[in-house]
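Peer 1: Here's the letter readout for the chains.
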Amino acid sequence: MAHGSRGGTAVYLAVFAGLLALTVVTVLASYVDMGLMNVVVALLIASVKASLVALFFMHLKGESRLVWGFALVPLFFLALIILGTLVDTQLR
Amino acid sequence: MSEAAAAGTGRGYLEERGWRSWAYTLDHKRIGVMYLWATTVFFLLGGLFAMLLRLELLSPQAKYFSHHAYNVFFTLHGAMMIFLFIIPAIPSGLGNFLIPLHLGARDVVFPRLNLASFWIFVAGFLVIIGSLVAPMDTGWTFYTPYSAKTGAAVATLSFGVFLIGMSSILTGLNFIVTIHKLRAPGMTWNRMPLFLWGMYATSIIQVVATPVVGVTFLLLAAERLLGVGFFDPSKGGDPVLFQHFFWFYSHPVVYVMILPAMGIVSEVIPVFSRKPIFGYKAIAYSSLAIAFIGFLVWGHHMFTSGMSPLANAIFSFLTFFVAVPTAVKVFNWIATLYRGSITFESPMLYALTFIFLFIVGGLTGPFLGAMATNVQLHDTYFVVAHFHYTMMGGTVMGFFAGLHYWFPKMTGKMLDEKRARLAWALIFIGFNVTFFTMFIVGVRGMPRRYAEYLPKFQTENVISTIGSAILTIGILVMAWNFVQGLRKGAKAPGNPWRSLTLEWQVASPAPTENFHEIPQVADWPYGYGTRKA
Amino acid sequence: MSGGHSAEHHDPVVAFEAAKLGVWTFLATEVLLFGALFTAYTVFRLKFPELFHAEHEKLNRVLGAVNTVVLITSSLTVALGIDAVKRGKARLLQWYFGATIALAGVFLCVKYVEYSEKFHHGLFPGTNIFFSLYYMMTGIHGIHVIAGMGVLGYILVLARRGRFSEAYYTPVEMVGLYWHFVDLVWIYLFPLLYLAG
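Line by line, the protein sequences give chains A, B and C.
The working numbering applies: residue 1 is where the first sequence begins, and numbers increase by one.
The working numbering applies: residue 1001 is where the second sequence begins, and numbers increase by one.
The working numbering applies: residue 2001 is where the third sequence begins, and numbers increase by one.
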């Protein structure tokens, strides 16, 4: 039941540093005008941060396939509601 | 010691008395029974509003009620039936009672969450009743902009529905984890009763879809209370966005309604044909397929709302696919019946009725899914007939099948079969007379949600109202039969139907701890017609 | 006792795995709850790009960034707290969870400052679509922060009573999962509302 925690603290601190760094990056990037790419870059960076939180803080790394399923399947439905709505609102 | 010998005083889980033993119970069976009582009350209340509608519809003019009152009645009829009866009845009612028994477990995996979900349900319906001080007249679909502007207590009702949704989510969450984690030793997924496959698929829908409608009602309340403008064109908002959010939940929720009922049918048909279910895996996976496809088609409620042509086309195209796994079930049930030793006890009568009426309702779906015909039929009585055939002819008949089938296990008593069959006959006749006429006037153009209609529709409306009276009498006979059964029904044996699922291997009423010893499962529960059964 | 509990309930491994599945299922519902809001955001952002550009400038990027750092740090303290109890260090758990609650409090204070400032400038939920989204999204997120403080506090109380050890820390881990999710949502809210105009 207990996951290996040797070096656990080190991993958490490394992830924390990564998250802080990416926060700095995303704030700085927002001052650069890249037009439409601004949103793309922002979302990409956010997704990397989110993955770090999910994989390491939420212990997804090393979880069973079942838990991964529970974590990922909702993302499909999230995409579905956004895209399904946009197919209407964007193309009227 | 055998389960029957361990039965003791014969009151099983009903042994402990006193209101506290119910209000604070952690027993899934008691929680299920409380849900059944609550949903039954709302079924009867919702039915009362329906009868007021049918009374008014006897004449083309608005004779007995104002238009506003009529709007309130159809709103309350729809909202009560959907949120307070049909969504919770089988899942939270029968599902709670049966799932641990079917799994060979002693309870669900989160019993306190289960009790919490019941009391949240109670809080929800109390808030909804509170909103009746300024009752809704928007239709159960609460479309903006009207719902954002009407004088009714929309914010209050929104909060009430939000609570009901929370209850639904917690129940679904409990069932998903329970089915994953508490199957008895030896019970692989493919040895589960099909009712559990149906409940599993249902629970996935509840967990994924309900939050969307929850936040939608929150946004509607915010629109009224905070001036938020997502759905308000004057602020740049879009009323059709409300419809997207609303139907993203409300379409999948019809599969929350039907999948448990289909699960019941899959249980009842083999027992009363004394034959193994045909196509177990196909039926099992079709439940998942229906749940999945059900998420892809919500726009078919919005063809006339001004969606883009591409959206219309995609939603229409996808809508037809849900018929496939549905048909898979129907054909497998029929194949199960084929060359079976069929008997017509009341559970079987209702199960067979489900198949017949659901086919009618289901076949009228494609007419609505095809855009060309949808334009003609949208918001007419054709739609009303379609969903009553599927929801009442389908889910409610399945629910009645389940009530009759599991009555002995829940109460320890048997129902009077003759009265049950009389009630069934009245319900069957009354239902068809009430609703078939609606297909006819719908095609001819009678719109729904109107207190008045063109005189040329009167004959069918009168017939429909007569049918509704017969239906009502049938339901009252059935209710009376249940009351008499509770009071003085014959003592039920552990397994009156000679069924193979685990709940029938224990005493009736079910023992508090379900099983004296957790069973070891070696086979699927459909080995009928062999030496075992 | 009403409601028999199966033997399986008392098997700690099954109970832990079941609790984990339960929390991930609950998080799935939260994904869809916020998902509807993100859908509205997408729809209106694509519809009113200039409005979003103009209005987002009115948000305080610095305070938003501060709150991001606050939440990320609070996720760290939660993770370290769980790590501590897994190694039997229950007092450290209390310290870390106390820190997490404090950080959550800071987050809410910053939001209070932000909201008051906006109100002062006449920017309300009904002002325009951008601010409707801003208030609804950060507001509902804020409610989740408050609820999080509540459950974190409950864990703290139980921890002080000596409930948790390396043998049993299920509620700690479960609350941790929820809190990380709250952080996750903000990781997306921050750039979408404050940065990318």
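Some hints could be false.
Stated by the list, open to error - Below, in silico cross-link-like pairs of lysine to aspartate or glutamate (EDC-like), each with a Cα-Cα straight-line distance of 20 Å or less:
hint, chain 1, residue 1, chain 2, residue 2
1, B, K1235, C, E2017
2, A, K61, C, E2114
3, B, K1418, B, D1523
4, B, K1235, C, E2055
5, B, K1281, B, D1523
6, A, K61, C, E2017
7, C, K2058, A, D33
What the hints assert, rightly or not - Among chain B residues calculated to face chain C with C-beta under 8 Å, some are:
hint, residue
8, Y1064
9, F1065
10, I1129
11, G1130
12, V1133
13, V1215
14, L1219
15, V1228
16, G1236
No wet-lab data here; the hints were simulated from the structure.
Just so you know, these numbers come straight off a predicted model, no measurement behind them.
Beta carbons: idealized from backbone N, C-alpha and C, even for Gly.
Peer 1: Run through the hints listed earlier and report the numbers of any the structure violates, in increasing order.
Peer 2: 1, 2, 3, 8, 9, 10, 11, 12
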